[in-house]
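> Now for the letters of each chain:
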Amino acid sequence: MGDHLETIKNAVIGGKHAEIKTLVLDAIDAGLDPNRIINEALIPAMDVVGKDFGSGKIFVPEMLVSAVTMKTGVDILKPLLGGDQGESRGTVIMATVKGDLHDIGKNLVTMMLEGAGFKVIDLGVDLSAEKLIEQVNSIRPDILGLSALLTTTMPEIQKVIAELKAQGLRDKVKVMVGGAPVDRTFAEKIGADGYGANAAEAVQLARRFTGAST
Amino acid sequence: MDLKPDFNRFLAAVRHKETDRVPLGEVLIDYSIQSKFLGRNVTADDLAGQVEFWAKAGYDYIPITVSMMSPGKVTEESKITRVLKEMVLREKPGTTDPKAWNLEMTSFIHERPDLEKFPWEAAADIDFSKLHEVKRLLPEGMKVIAVSGKIFTLTWMLMGFNNFALKLVLDEALVAEVFERVASIQFKALEAIFSMDHVAGVWVVDDVAFGTGPMISPAAFKKHVFRWYKKVGEKCHENNRLFLMHSDGDLSMLMDDLISMGVDVIQPIDPSCMDMAKVKKQWGDRICLVGNVSNELLRSGTTGEIAARVKELLRDAAPGGGFALGSGNSVPNWAKFENYLAMRETCLKHGSYPIRL
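Line by line, the protein sequences are chains A and B. Mapping of the first sequence onto the working numbering: position 6 corresponds to residue 6, and the numbering continues sequentially without gaps. Mapping of the second sequence onto the working numbering: position 348 corresponds to residue 562, and the numbering continues sequentially without gaps.
FYI, nobody ran anything at the bench for these hints, they're computed from the structure. It should be emphasised that the depicted structure is a prediction, and the values quoted were computed from it without experimental measurement. One or more hints might be untrue.
Said to hold, decoys possible - Derived list of chain A stretches under chain B, where covered just means 3 residues or more per stretch with a C-beta under 8 Å from a C-beta of chain B:
1. 48-59
2. 63-73
3. 103-109
Glycine included, C-beta positions come from ideal geometry on N, C-alpha and C.
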């Protein structure tokens, strides 16, 4: 059984997207608990991928292929999980703030979160605080992910957090922030719950916020 | 100080020689800044006004964009947009949203059939008229640098970044073909560009790195992009022209490759992730460095802070040549005008050789 888990883990790390379906089905046929496949193969694999990306061993393309490989595995396993475990690992709203049309970073985080089993609602770019609050109110996500590439649009993130407070929604959603000019100090200063320096860190944060790593 | 343009000054810096002063170097300055400097409105169509600005502000060249699908040029009226719009409307009659056909808003090549459908002929229709027109406007000593040759960025823009990144691993042959077609068009344009004596070089504005490092692996860059840069470098040098390169991000992992491909000038040494003093020490004797005054400082700093930073850069990077002073990206409309002036004036005041700071 350990062999199945190790093979699946290595397939995700190596981005063997064409092989993952067969490998996961073989593991299920061999009687492996779907939860074990997720928790002992897929998630640890993405931890390795995140570390390899952070250390410069792999780059965005390889990381994304690992993410979609994991997603393929998760999609096969979801229907087999008992009770409400087949539900997503949490809902995340992703957006680039008002005045900012850049979306590479946001799109990478979106794809990585989806790969990790989160339900992601990507609202796109140039989102005003008002529009975001409206969506948070309506969707009630676990996490709101905000991105800005420009120093000129970075203050918009602060506006969104202030508006969440004003509308009584701040304690109902975790806010994670990222983007080229954003750093941990800024995130702490404006009262965000977390900062991700890259897409892999954003996934770790999301898992921590939702307790999805356990 | 005599601000007469003299491209030999810039050329000397590239060749690591000290002349009268450290040159100023930018690849783009927003028209609003140019307008404030001249005290009259300068627009994209006002080539005479642009030349006047670059000359009076103390630059030895004017950068002119002449490239396949250059950002800002892919307007509703351009040939490529017209052709794409016709294509979209044939497939989805009644579409009204320009996002469906404007290359600045969408990507077109997702799978192999898209590659064949894409109107490459229209994309290869590059307008060189501005480059020709500027010749008669140039003051003595001033040259033109053609901003052209973008390969990596155009390829991922045509494919959409996530799709490009996935396909680079899952369908590398498709990505390789898009690279090949884009690069071939850009490379062919060099023939026309270098037929003009007033053009002194080509500035490839092609972001290859994030703040954390290369956007794709160095191996993939070598395989698909850098072999073209090498050809660009050879073409430039065969024609006695300079090969200048702009890329945001942390280029540390790529600098040796860029130098070996014949890049003469690298700009802007992104101050958010690269330290000019360290870059100068590690690579400064093999490549000319341009830029590094933080755009955030240009936006939010004081003129005193700008002056202090410029002096640091002059002290760390200017001795021995191989350096031109400029912003850490470009000079955007949101830079404080007084900070732009402070950057320029401090360089002109303290950048006389030999540097005494």
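> Tell me the numbers of any earlier hints that the structure contravenes, in ascending order.
none
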